[in-house]
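Line order of the protein sequences matches chains A and B.
Count the first sequence with my numbering and you get residues 7 to 198, in order.
Count the second sequence with my numbering and you get residues 9 to 410, in order.
The hints are simulated quantities; they were obtained by calculation from the structure and are not laboratory data.
From a predicted model like this one, the values you see are computed outputs, not experimental measurements.
Please note that the accuracy of each hint is not assured.
What the hints assert, rightly or not - Covered by chain A, per the in silico footprint, the following chain B stretches (three or more residues, Cβ under 8 Å):
| id | segment |
| --- | --- |
| 1 | 15-21 |
| 2 | 47-60 |
| 3 | 333-346 |
Cβ coordinates follow ideal geometry from the N, Cα and C atoms, glycine included.
Each chain, written out:
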Amino acid sequence: MEQRAAMPEQIVDKHVIAACQQGDREAFRLLFEAYKDKVFSIAVYSFGGDSAVADDVTQQIFLKLFTVIRQFRGESEFTTWLYRMVVNACLDERRRRRRFLPWGDTMPIKVGDKKPQEKQYARLEIGEKVRTAIAELKPKFRLPILLKYIEGLSYEEIATVMGCSKGTVASRLNRGHGELARRLSHLRDHVV
Amino acid sequence: MFYKHVTNNLSAYCQGELTPTECRQFAEHLISCNKCRKEFEEIKLGIKLAEQLPRLSAPEHLWTELQPLIDRETNSQVPLARRRSFATAWQTQIAAMAAIVLVVASLGFYWAYRNQMAPAKLRSWQVARVDGTPRIGAAGISNKGQLAVGEWLETDGNSRAKIDVESIGQVEIDPNTRVRLLLTKPTEHRLELARGKMSARIWAPPRLFFVDTPSAVAADLGCAYTLEVDDAGASLLRVTSGWVALQLKDRESMVPASAACQTRPGIGPGTPYFEDASESFRQALAKIDFEHDITPASRTATFDVLLGESRKRDTLTLWHLLARVDQSDRARLYEKMISFVPAPEGVTREGVMQLNERMLELWRDKLEPSWSDRTGVSKAVAEAFWSARNGFNKTAKKIQEK
């Protein structure tokens, strides 16, 4: 899993969504390419870095999306609708697997075979520690952080996706940030 | 003044989710409230950490594996394609082609917008002409302009400009000055002063506004100051209210109102001094700070002048020198300092000689009123300043490397 630039979401407009609703496979491929990295990232971070589970969950989400996209009426932003589906899918899968994978169980994320430069390695190392710390947060604190930093949503959008108030989002992000700072205070000099 | 604690909304404040009025109330409260300011530092760290979260790429095989699942799903229902008439299928194909054309066009517009419009609109400061024709890049400013991240603002011998630093302050740029906007976001604003002179008036919590110079980094706490950089990269900081820190690598100087501090490339900040100190005192200090090839005899004589000319208020300078001189000079400093202000309980001569950090801090707290009583800076602000000491190592190291 290498990091790379994601395809801009702007390419998915109402025409692409309309074509997807008509069952157009090529249009759905465009939609898949636009959102696959973000959906996959949330899945990976939600399942403690287990990329195999994240693969499955991402496939399930897009398979479900293919079948239910006709139900999208355009009453909200498509991304809000999609991310709500992603969050629910991750929570459902989490509940299903709870007996087998406790929250805190994290696996290192492979970052490719190419030997990284020293700087990049340090950055990845910090990223890995951050990922582990985020995986250990309670879901109600972790999901707003993922939606904020992976999806780049505003507080208002996160509130819509999570079905709560903007104030609740602000409070949960605050708790999440505070918890991250306490757990990783030893990295202060590396990120400040 | 906004008295209610703001800890619950600190993330929203840092991430630009509050209204300008709320932001101003927050900033005012943070300056005066130790509890919220401490929490603010934690939240800023949490945000910086979360920003390190890498975005991952989905594996290439995902679509390949997804296709048969979609096929199966499609076949298990009444396939949409079979329900379509030939004409409808054609319409769909045309619609899909149109969609692809639109996609490509949207992508082009997106990149054009991002490259040309977004930087100026989203990440820039407003610049107003005061005199002459200041320039942003190659373009002259007739009235107002936008300084984007990475752009240089330059004044010639006849021009001056004023910069609005988001909602936290103003910076005036004097003639023959060259500054660049390095970074602007809710948790950090950073300018580079390559040469010339700027005056800053900042009303923000600690460590939000930084100025990089060729020989040190300046960070402020709700203060006003001027900063000058000459062609050799040396700088002079003069503080008119509040406090400013100057740092390079592990060398750090805290400069209160009415005091000044010089810096030199490769050395970093010198020792702060009050501007009303005698000329002989200031000359002796400059020699101790920056002339490292003087003979031991000359150094001793210089030290004699410094100690002889010092007043109670100059313990600001003497306290900073404690960690910068050898044992024998440190002993002389100690004796001079206790003649002005006795060492407080818990501070011993042995501890000071060994540069015990806790003891030095205790003594500094005792001395501090004599440094700031003329300027009326509150203890709360001073405490906030001292608590904001650590933190610019990264940039300081970069400058040192340069």
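Structure-based check of each hint:
By the rule of at least three residues with a Cβ nearer than 8 Å to a Cβ of chain A, the coverage given for the segment 15-21 of chain B holds, with 6 such residues. Under the rule that three or more residues need a Cβ within less than 8 Å of chain A, the assignment of the segment 47-60 of chain B holds, with 12 such residues. Only residues whose beta carbon comes within less than 8 Å of a beta carbon in chain A count, and the segment 333-346 of chain B has 0; fewer than three means the coverage is violated.
Violated hint: 3 only; the structure is consistent with all others.
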